[in-house]
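Visitor: Chain Y is already provided as a structure; the job is to place chain E on it using the hints.
Protein chains in written order, with the numbering used here: chain Y, 1 to 455; chain E, 1 to 455.
Simulated from the structure, these hints should not be mistaken for lab results. These numbers come from a predicted model, not from an experiment. Glycine included, every Cβ here is placed at the ideal spot set by N, Cα and C. Some hints here could point you the wrong way.
Partial list, derived from the structure: chain E residues whose beta carbon lies under 10 Å from chain Y [as the list claims (entries may be wrong)]:
#, residue
1, Leu196
2, Leu232
3, Thr249
4, Asp251
5, Ile315
6, Val319
7, Gly333
8, Thr435
Facing chain E, a subset of chain Y residues (Cβ under 7 Å, in silico) [to be verified]:
#, residue
9, Leu191
10, Asp231
11, Ser305
12, Ile315
13, Asp330
14, Thr341
Number of protein chains: 2
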Amino acid sequence: MDIEVVREDIAPFAERIVGLLEEGRYNEVKQEVNVLHPADIAELMGLVDSQKQVMLFRLLKKDLAIAVFEQLDFEHQENLLRHFTDEKVAEILNQMSPDDRMELFDELPAKVVKKLLNLLEPAQRDIAASMLGYPENSAGRIMNPRVVDLKEYYTVEQALKRFRRLNPPEELSYTAYVTDAQRRLLGQVSLRDLVLADPESQIGEIMNREVIFVSTDDDQEKVAQIIQKYDLVAVPVVDREGRLVGAVTVDDAIDIIEAEATEDIHRLAAIRTTEDEYLRAPLWRKIKNRFIWLAVLLIMGTLTSFVMQGFSSIIQAVVALSFFVPMLIDTGGNVGSQSTTVVVRGLAVGELEGKTLWKVVLAETLIGGILGILLGVIGVIRVVFLRESPLIGLVVGCSIFVIVFVSNLIGVFLPVLFKKMRLDPAIAATPVITTIVDIIGVLIYFRIAQAFLRF
Amino acid sequence: MDIEVVREDIAPFAERIVGLLEEGRYNEVKQEVNVLHPADIAELMGLVDSQKQVMLFRLLKKDLAIAVFEQLDFEHQENLLRHFTDEKVAEILNQMSPDDRMELFDELPAKVVKKLLNLLEPAQRDIAASMLGYPENSAGRIMNPRVVDLKEYYTVEQALKRFRRLNPPEELSYTAYVTDAQRRLLGQVSLRDLVLADPESQIGEIMNREVIFVSTDDDQEKVAQIIQKYDLVAVPVVDREGRLVGAVTVDDAIDIIEAEATEDIHRLAAIRTTEDEYLRAPLWRKIKNRFIWLAVLLIMGTLTSFVMQGFSSIIQAVVALSFFVPMLIDTGGNVGSQSTTVVVRGLAVGELEGKTLWKVVLAETLIGGILGILLGVIGVIRVVFLRESPLIGLVVGCSIFVIVFVSNLIGVFLPVLFKKMRLDPAIAATPVITTIVDIIGVLIYFRIAQAFLRF
Numbered sequence: 001m002d003i004e005v006v007r008e009d010i011a012p013f014a015e016r017i018v019g020l021l022e023e024g025r026y027n028e029v030k031q032e033v034n035v036l037h038p039a040d041i042a043e044l045m046g047l048v049d050s051q052k053q054v055m056l057f058r059l060l061k062k063d064l065a066i067a068v069f070e071q072l073d074f075e076h077q078e079n080l081l082r083h084f085t086d087e088k089v090a091e092i093l094n095q096m097s098p099d100d101r102m103e104l105f106d107e108l109p110a111k112v113v114k115k116l117l118n119l120l121e122p123a124q125r126d127i128a129a130s131m132l133g134y135p136e137n138s139a140g141r142i143m144n145p146r147v148v149d150l151k152e153y154y155t156v157e158q159a160l161k162r163f164r165r166l167n168p169p170e171e172l173s174y175t176a177y178v179t180d181a182q183r184r185l186l187g188q189v190s191l192r193d194l195v196l197a198d199p200e201s202q203i204g205e206i207m208n209r210e211v212i213f214v215s216t217d218d219d220q221e222k223v224a225q226i227i228q229k230y231d232l233v234a235v236p237v238v239d240r241e242g243r244l245v246g247a248v249t250v251d252d253a254i255d256i257i258e259a260e261a262t263e264d265i266h267r268l269a270a271i272r273t274t275e276d277e278y279l280r281a282p283l284w285r286k287i288k289n290r291f292i293w294l295a296v297l298l299i300m301g302t303l304t305s306f307v308m309q310g311f312s313s314i315i316q317a318v319v320a321l322s323f324f325v326p327m328l329i330d331t332g333g334n335v336g337s338q339s340t341t342v343v344v345r346g347l348a349v350g351e352l353e354g355k356t357l358w359k360v361v362l363a364e365t366l367i368g369g370i371l372g373i374l375l376g377v378i379g380v381i382r383v384v385f386l387r388e389s390p391l392i393g394l395v396v397g398c399s400i401f402v403i404v405f406v407s408n409l410i411g412v413f414l415p416v417l418f419k420k421m422r423l424d425p426a427i428a429a430t431p432v433i434t435t436i437v438d439i440i441g442v443l444i445y446f447r448i449a450q451a452f453l454r455f
Numbered sequence: 001m002d003i004e005v006v007r008e009d010i011a012p013f014a015e016r017i018v019g020l021l022e023e024g025r026y027n028e029v030k031q032e033v034n035v036l037h038p039a040d041i042a043e044l045m046g047l048v049d050s051q052k053q054v055m056l057f058r059l060l061k062k063d064l065a066i067a068v069f070e071q072l073d074f075e076h077q078e079n080l081l082r083h084f085t086d087e088k089v090a091e092i093l094n095q096m097s098p099d100d101r102m103e104l105f106d107e108l109p110a111k112v113v114k115k116l117l118n119l120l121e122p123a124q125r126d127i128a129a130s131m132l133g134y135p136e137n138s139a140g141r142i143m144n145p146r147v148v149d150l151k152e153y154y155t156v157e158q159a160l161k162r163f164r165r166l167n168p169p170e171e172l173s174y175t176a177y178v179t180d181a182q183r184r185l186l187g188q189v190s191l192r193d194l195v196l197a198d199p200e201s202q203i204g205e206i207m208n209r210e211v212i213f214v215s216t217d218d219d220q221e222k223v224a225q226i227i228q229k230y231d232l233v234a235v236p237v238v239d240r241e242g243r244l245v246g247a248v249t250v251d252d253a254i255d256i257i258e259a260e261a262t263e264d265i266h267r268l269a270a271i272r273t274t275e276d277e278y279l280r281a282p283l284w285r286k287i288k289n290r291f292i293w294l295a296v297l298l299i300m301g302t303l304t305s306f307v308m309q310g311f312s313s314i315i316q317a318v319v320a321l322s323f324f325v326p327m328l329i330d331t332g333g334n335v336g337s338q339s340t341t342v343v344v345r346g347l348a349v350g351e352l353e354g355k356t357l358w359k360v361v362l363a364e365t366l367i368g369g370i371l372g373i374l375l376g377v378i379g380v381i382r383v384v385f386l387r388e389s390p391l392i393g394l395v396v397g398c399s400i401f402v403i404v405f406v407s408n409l410i411g412v413f414l415p416v417l418f419k420k421m422r423l424d425p426a427i428a429a430t431p432v433i434t435t436i437v438d439i440i441g442v443l444i445y446f447r448i449a450q451a452f453l454r455f
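Next comes chain Y alone, as it looks inside the complex (with noise of 0.2 Å):
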């Protein structure tokens, strides 16, 4: 067999391919990596410094080099185009698919886009002006034109001849899209249906008129679920006017769905983030994307201090009341961020929606009740090993039982009011749950404290 193995860790291989150019040993680099998928070449590249980027690029046979830059991360994309002569930079871009060049051109600044556009000929210059006409996380922004599309009174075989004619890229290859003289979309037919049709019969009669199709201005991520609720490998991009103007592969679409996890994560996490992937982003907008809400919560986090500053009397004369409080807020804390976890990730992915909304919370009434009293128990354990009195140890457990019930209700409730107000339910974070809590936690637990030990 002569098959190609999928590298499990390219680590070692970046090593060897490191040393084979720093020796000049470039044919033997070259035969060692033109054989290579262009994803795990992109990958390779991502390992080495940028001026062996550009030599390894120097390296690639023509084809494999555009596949390869197509698949780079961007700033490694930039790296190689600072590095290329116009005439190198224009080859690149007029061959790109329109799709990968439009992300490209997506994260460089309008002014570089504008000095790239006119390297590219004047169809592929129309073609990327009119993406750059759409909304930035658009349809319009990601699709690729390059679909196959045919008229209603084309045989099978007419159908066939064009479609070899026009020889789409593989993604676009498996769904032809009918068109009226307007360009408007009639239907669709599969390459399936085409090869198992008789050649003779006319495409109006065997394609399907159902077609699941979007707007160039809708949502990348409406997109990206469409395609994964209907099970597509492609979707119809229709402008505004119901022509026909390109379709969106579902290999973007995981890619999408996966971004949009990370952004959910990071929300959760209170860091704010923007379009571009915080990882690649600038020390100074990592800093501003976390700072904003961190200095939020620190000023909202000392209206535990002006609580607490309240029952400086009774903290005075049991000092060991304050000892459990970090435990006490913690716990909260963790109670309802779990839940505002659960509560959140259900409705990003639409699990949490009508009748299911309302038996998780009357579940999660139940289970806060139960954790509670569980909880409690261990804290009244805690508290009696830590030698102080069992009064203390009453208060505490009474505490984490209220203060836990309480933080896993506002945990569920939180992202769902958020939800019914149309903002986005991530911004219930959970750091921003932990500090609502917080306060509500100190203020149950010296409140008892004062009925218990009639204070």
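Guide: Frame of chain Y, contents of chain E only:
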């Protein structure tokens, strides 16, 4: 245009259908529902009660009914199966796609599966039994065996004839696999290549020998990552002897990637997740999944009480110090949660490897320092605003700086450490980081207080 509309909001439609069902207007329901996409009908079924699900399902056209059944959530599939005669159940199971049927079997108790296996036709029973022989969540369990297989010596014309005879499902119709006499995988050829090729040429000449494949025992997450990395529509699966046994398709890969993201999100909130969906787990298991970590953290949290006990004389003397404990530990926890989230997610999607990882560590050191200074200044201002002494303000400010810096680095290093120890980095969940950081934070705070207040 006779194009199906994707229902943006299916809830009002579901209400109307329920109304029609209650009035016994079955013919109208039939007309309205039988034109929808199976995925939309499955969504609709999730919004009506279990009796109406059965009524609705009985009104579906036969082929559509199978497609809808395949897309239903497990609890609704189970509900329907309970209401049907063995004959009807056998009909559904025999016509289901093998991968969807296995997904259903994976959720059912072993006893029920055994009974259902007996309802299958011999050919289908063999397929199901051999799939059940592979490990849970492996490629062998989620693959579809209905792949198109060709021989090297076929002409393109013969290959297309075989393709028509096998009539594969849409999602398996894009690529055919070439095998030898022992069914070992030799290469692949896409339907596109078959259509573009000269009908007289041989498969052995046009096939691509560089096939990316997975093994039956490979974990589904790895399979999904390979499909994503190499932009595949399907990946062939070979058994331990290298024989072609099926393929995993991209629609399954998307669902796996989404489910894995949900698992990561839950783990970050210290919720133990089992393979089945959290929302669907029975109440006692939900409590167990959350309780274990909460109890461990509560017990760890009492360490802060222990630390504070050691500083009881300084707290007794300056009660005001205790007021700022919640704010300080919250800030430490928030910062640590942010950095750990960035790192855990980065590791999960494979963005943090080799050099990149160390770049991130370096950047985080700087970010922690700058955030510490900014937040420290805000802290001082707030303390003075609460009319406590400027000296306490200084203690709080310095503590914030040190705590933020240290917490940030702990959040970065702990998941990396777990990864190096070959543990799941998500064990460094945000509540775990918070608790660790709190103990250290309290210690830092009171040590600084001792130094500044010369106690």
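Visitor: Holds or violated: Leu196 (chain E) as interface residue toward chain Y, Cβ cutoff 10 Å?
Guide: holds (6 Å)
Visitor: Return the status of the interface hint for Asp231 (chain Y): holds when the least beta-carbon distance to chain E is below 7 Å, violated otherwise.
Guide: Given a least distance of 4 Å, the restraint on Asp231 (chain Y) holds.
Visitor: Would the stated hint for Asp330 (chain Y) survive a check requiring a Cβ distance to chain E of less than 7 Å?
Guide: holds (5 Å)
Visitor: Verify the interface restraint on Ser305 (chain Y): the C-beta must sit less than 7 Å from at least one C-beta of chain E.
Guide: Hint on Ser305 (chain Y): holds, closest Cβ of chain E at ~4 Å, below 7 Å.
Visitor: With chain Y as the partner, please determine if Val319 (chain E) meets the hint condition of a C-beta pair closer than 10 Å.
Guide: holds (5 Å)
Visitor: Please verify that hint: Ile315 (chain E), Cβ, nearest Cβ of chain Y, below 10 Å or not.
Guide: Ile315 (chain E) check passes; min Cβ-Cβ to chain Y is 5 Å, inside 10 Å.
Visitor: So, as I understand it, the hint says Ile315 (chain Y) touches chain E; can you test that by seeing if any CB pair is closer than 7 Å?
Guide: holds (5 Å)
Visitor: Would the hint on Asp251 (chain E) stand, with a C-beta cut-off of 10 Å toward chain Y?
Guide: Holds, because the Cβ-Cβ distance from Asp251 (chain E) to chain Y comes to roughly 4 Å (cut-off 10 Å).
Visitor: Is the interface hint satisfied for Leu191 (chain Y)? The criterion is a beta-carbon contact with chain E at less than 7 Å.
Guide: Holds: closest Cβ of chain E sits about 6 Å from Leu191 (chain Y), inside 7 Å.
Visitor: Measuring from the C-beta of Gly333 (chain E) to each C-beta in chain Y, is the shortest one below 10 Å?
Guide: Status holds, d = 7 Å.
Visitor: Does Leu232 (chain E) pass the interface hint, meaning its C-beta sits closer than 10 Å to a C-beta of chain Y?
Guide: Since chain Y brings a Cβ to about 8 Å from Leu232 (chain E), closer than 10 Å, the hint holds.
Visitor: Next item in the hint list is Thr435 (chain E). Is there a CB on chain Y closer than 10 Å to its CB?
Guide: holds (6 Å)
The structure agrees with every numbered hint stated previously.
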